[in-house]
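Colleague: Each chain, written out:
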Amino acid sequence: MANIISDETIEYVGILAKLELSEEEKEAAKKDMGRMLDYIDKLGELDTEGVEPMSHVFAVQNVFREDVVTNGDMREEMLQNAPGEKDGMFMVPRTFE
Amino acid sequence: MAKQYETVIGLEVHVELATKTKIFCGCSTAFGGAPNTHTCPVCTGMPGSLPVLNKKVLEYAVAVGLATNCTITRYCKFDRKNYFYPDNPQNYQISQLYLPICRDGGVEIETAAGKKTVGIHEIHMEEDAGKLIHDEWEDCSLVDYNRSGVPLIEIVSEPDMRSAEEVIAYLEKLRMMIQYLGASDCKLQEGSMRADVNLSVREAGAAGFGTRTEMKNLNSFRAITNAIEGERERQIELLEAGKKVVQETRRWDDAKGESYAMRSKEDAQDYRYFPDPDLVPVAVSDEWLAQIKAAQPEFRTEKMARYQAEYDIPDYDIEIITASKRMADLFEETVKLCGQPKKVSNWLMGETLRLLKEKGMEPEDIRFSPEHLAGLIRLTDEKAINSTVAKEVFEMMFEEDIDPEKYVEEKGLKTVSDEGALRRAVEDVISANPKSVEDYRNGKEKAIGFLVGQTMKAMKGKAEPGMVNRLLKELL
Amino acid sequence: MDLRKLTAAGLAAKIKAKEVSVMQAVQTVFDVMEEWEGLYHCYVTVDREAVLRKAEEIQRCIGSGELTGPLAGVPVAVKDNLCTKGLLTTCSSKILGNFIPTYTAEAVRNLEKAGALVIGKTNMDEFAMGSTTETSAYGVTRNPWDADRVPGGSSGGSAAAVAAEECFAALGSDTGGSIRQPASFCGVVGMKPTYGTVSRYGLIAYGSSLDQIGPIAKDVTDCAVLLEAIASHDEKDSTSVPRKDTDFTSALTEDVQGMRIGIPRDYFGSGLDADVAEAVRGAAGVLAEKGAVVEEFDLSLVEYAVPAYYTIAAAEASSNLERFDGIKYGYRTGEYAGLHHMYKKSRSEGFGAEVKRRIMLGSFVLSSGYYDAYYLKALKVKALIKKAFDRAFSNYDLILGPVAPTTAPKLGESLTDPVKMYLGDIYTIAVNLAGLPAVSLPCGKDAAGLPVGLQLIGDCFQEKTVIRAAYTYEKARGEFGTPFAESGSVTVPEGKEG
Chain A
-6 MANIISDETI
4 EYVGILAKLE
14 LSEEEKEAAK
24 KDMGRMLDYI
34 DKLGELDTEG
44 VEPMSHVFAV
54 QNVFREDVVT
64 NGDMREEMLQ
74 NAPGEKDGMF
84 MVPRTFE
Chain B
39 MAKQYETVIG
49 LEVHVELATK
59 TKIFCGCSTA
69 FGGAPNTHTC
79 PVCTGMPGSL
89 PVLNKKVLEY
99 AVAVGLATNC
109 TITRYCKFDR
119 KNYFYPDNPQ
129 NYQISQLYLP
139 ICRDGGVEIE
149 TAAGKKTVGI
159 HEIHMEEDAG
169 KLIHDEWEDC
179 SLVDYNRSGV
189 PLIEIVSEPD
199 MRSAEEVIAY
209 LEKLRMMIQY
219 LGASDCKLQE
229 GSMRADVNLS
239 VREAGAAGFG
249 TRTEMKNLNS
259 FRAITNAIEG
269 ERERQIELLE
279 AGKKVVQETR
289 RWDDAKGESY
299 AMRSKEDAQD
309 YRYFPDPDLV
319 PVAVSDEWLA
329 QIKAAQPEFR
339 TEKMARYQAE
349 YDIPDYDIEI
359 ITASKRMADL
369 FEETVKLCGQ
379 PKKVSNWLMG
389 ETLRLLKEKG
399 MEPEDIRFSP
409 EHLAGLIRLT
419 DEKAINSTVA
429 KEVFEMMFEE
439 DIDPEKYVEE
449 KGLKTVSDEG
459 ALRRAVEDVI
469 SANPKSVEDY
479 RNGKEKAIGF
489 LVGQTMKAMK
499 GKAEPGMVNR
509 LLKELL
Chain C
2 MDLRKLTAAG
12 LAAKIKAKEV
22 SVMQAVQTVF
32 DVMEEWEGLY
42 HCYVTVDREA
52 VLRKAEEIQR
62 CIGSGELTGP
72 LAGVPVAVKD
82 NLCTKGLLTT
92 CSSKILGNFI
102 PTYTAEAVRN
112 LEKAGALVIG
122 KTNMDEFAMG
132 STTETSAYGV
142 TRNPWDADRV
152 PGGSSGGSAA
162 AVAAEECFAA
172 LGSDTGGSIR
182 QPASFCGVVG
192 MKPTYGTVSR
202 YGLIAYGSSL
212 DQIGPIAKDV
222 TDCAVLLEAI
232 ASHDEKDSTS
242 VPRKDTDFTS
252 ALTEDVQGMR
262 IGIPRDYFGS
272 GLDADVAEAV
282 RGAAGVLAEK
292 GAVVEEFDLS
302 LVEYAVPAYY
312 TIAAAEASSN
322 LERFDGIKYG
332 YRTGEYAGLH
342 HMYKKSRSEG
352 FGAEVKRRIM
362 LGSFVLSSGY
372 YDAYYLKALK
382 VKALIKKAFD
392 RAFSNYDLIL
402 GPVAPTTAPK
412 LGESLTDPVK
422 MYLGDIYTIA
432 VNLAGLPAVS
442 LPCGKDAAGL
452 PVGLQLIGDC
462 FQEKTVIRAA
472 YTYEKARGEF
482 GTPFAESGSV
492 TVPEGKEG
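Residue numbers (my numbering), protein chains in the order written: chain A, -6 to 90; chain B, 39 to 514; chain C, 2 to 499.
So that you can see chain A by itself, here it is in the shape it has in the complex (with noise of 0.2 Å):
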């Protein structure tokens, strides 16, 4: 395997994905991620010099709203799915030290 995913890596990626991994999860997903990452690799055999990178597949642009208010109160209806509501709003753990 020529890619090797260190601890390090697993913990970084941990911290951006917000996923704690067991012990066990972790050296699977040093070995998967390695993996896939020598398979990707395989994309470095092209030459891509000065080819133009593609997010869009079709040139569709300027696609816009007019500013005119269409949306109405549904607040009740969304707060049914959250964990946890207090007065209206979402309740998370405290945010401020």
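By construction, these hints were calculated from the structure, which means they are not laboratory data. It should be emphasised that the depicted structure is a prediction, and the values quoted were computed from it without experimental measurement. Do not take every clue at face value.
[Claimed, not checked] List time: in silico BS3-like cross-link candidates among lysine-lysine, alpha-carbon distance up to 25 Å: (1) K115/B to K237/C; (2) K237/C to K58/B; (3) K476/C to K291/C; (4) K452/B to K495/B; (5) K421/C to K23/A; (6) K341/B to K374/B.
Position chains B and C relative to chain A; hints supplied.
Modeller: The following block gives chains B and C in isolation, referenced to the frame of chain A:
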């Protein structure tokens, strides 16, 4: 000898745009709604929802770019900035990194040190976050997404400023331009204009830059000035002690007059920007750009020249009035209604400025309408009220935008122009104050002042002092 | 009359002619479910009472003449990544185990406007990440042709439900083959339209630049009818393309005279099962007999599509799935120490292994220092692949090939080696990268009697060419049959009888 240090400052200024709806959905941007009542699947990050760009946001951003001499990016895109925080419902913010709408501009500022240009690196469009409220009772935080998705532009300056004075001049210049464009009301206290300060220090004469920090939570010009002074001191102390400045984000606590680092091991500061696949690119055509250019309003310099030509008011008044778009609009609209520029200017320069200062308000906070100011001027022109009453009425107008004509009528403040009634009052005063009458008749000119005062008192202030004076002289 | 055997269009005609009631149609589906759902497990959610209420209402609207749509009264199934107002929508994930959308996906609304009755939400690979429907948090779906085998994925529940006659047609979504491959494994017809043809509003995103919703049905006609119903220009989806040529049923004609069909030589290399190759070549022969000009050519870049796809899809997915954080909806872990711990625990417990694998990979390829080497490189390769298709379509009207290298594998065989599983998508993935329309339809069976799929790929916006060729082939092929057709019984795994 102690080393000399130079402060190097760049600003990131966020401005909330004055659109009716949010940047990517049809929710209202109005203030004051109950929590989460101005939300929809898009601005609360519901699964399956998709963003569609508000055209007005782009037009405002381009207008600000043109006003600040930027190059408009003719093909721009939106990118996702990924980070987890509860006020950010998708856990990514839609912003622009790779192709921002405006680049390479600048504005000229003037301070005691003279004129200089502050470069603008770029202006990009992005969405605002929701609001977090701390609940002490439950020891948790509560999220309100009413502000989530409100359109912002972020104006990123070059590190061209060297003092708090220059920073304030730059912010005032930006604010005035943006207010002139009608793109935002730019109120620091309410957060519709927010400035983050990037600051580093270096030894005077050094070529390179020192390590910078970014300071947030600055919601007044005073806080900005204090934070700049405080951070400059802090960095110099570190350097003098042989320590290093750490590149970090710091939060300014204006009450305590100090800043602290907003560090967390969960903050990787790696935003993994990539082009948002849910939004399509924006191409600004020549025609569209020309349209936006044509729709640009008259800016201050042009306005000042026009005022000098059109209105017979002092240059000093023109300078003050045009310094604020709100003030200038109020002036012009009122003049249109009453045709008396000098009188309108007097009200603005006198009572209005006095009350603004007294109450610590900005011209943008003025509530009274041009119709009502014109009404008040009409009342004084008709001598329906005297100047003391007029000032009283104006204060009420300033507070609550009352209709002066109605108010004067309801409160019975109209000057008594019935000469009979006034004559009777004067006669009463004369007979009740024989001593003063005698003094006057003996050549004590000043005694008449007392008699006028007494008459005014008897008339509860609703008399024209000139008329009282004339009647007194006549009857004596 | 056995209602089970009717196609969606056939049933709609009978309902319109008042030969069959909506309630009878629904009851037929419920009867099949009673018999087979316990084994196949095509659905995550079926709200029978709501369906019955809705059936009555639809019948009333048909009677009063208010509802005249082409699918009036037809029970259809919808993949569980399409939002349905008031009805549980899980993406087959624990993290959305209790999520009730406040709105209905545009494609589903369009289907309902055409008169269709949504009967339930079908099982899928969690967040559409998988090719077997085994990554669902709610149990596997079995292939009606052989219950020991997978139905394919990620729209495995939709394909199996159509094959098992537990609905008359279904919607799936296709990010890298997720409609075509399960349709192929289950012996039904599945179509992925040109990117932007069907609104993605309300489709819970996996890879936004690749996702498209499409029909899975019993035949090409039903596919065209459904696609015509769901295609629309939606102002709520910025990537939705305004099109005037969405009258897809007009292309249901038997005519391939002079149609130029190219077969990529590079699709028939090693790794392709011999039975599959033979069935697909046989289908090409049928089209040639009907007057098409069929020849082989080199498409090129075939082996680069899979790594480019997994880089782009994982990157987009890592961002799209950030919103599942235990705050606004869905699963929140029971105990935690502070905000970030709540995020991590909720997500780690709420997502399955394959989803986490792709989120990790996606976060990595976008992270500082790797963006250019991986993500940007993949976008450049995508541009090259699109160019290769452009070149091919300057010579051919249609590209013909297999859907998958093999027929349906046994349950539990695929997940052990992710790279090997990803390679199973080699023939379908490039179509998503290039935004092209493609159909999968049955063209034979392998030695074990399992269906083999034929893939027909059109140039952008050329669905009609695809439909015309598919329809012509289907007519020439004749009845394909169903898992139940010949003997009236099915292969039931040991110990699963009854």
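Colleague: Each hint needs a verdict: does it hold in this structure or not?
Modeller: Hints, verified against the model:
Distance hint between K115/B and K237/C is fulfilled; the C-alpha atoms sit about 18 Å from each other, no more than 25 Å. Restraint check: the Cα-Cα separation between K237/C and K58/B comes to about 18 Å, which is no more than 25 Å; the hinted pair holds. Distance hint between K476/C and K291/C is fulfilled; the C-alpha atoms sit about 11 Å from each other, no more than 25 Å. As the CA atoms of K452/B and K495/B are separated by approximately 14 Å, the hinted pair is consistent with the 25 Å bound.
Simply put, K421/C and K23/A have alpha-carbon atoms about 17 Å apart, close enough for the 25 Å limit, and the pair holds. Restraint check for K341/B and K374/B: satisfied, since their Cα atoms lie roughly 16 Å apart, inside the 25 Å limit.
The structure shown violates none of the earlier numbered hints.
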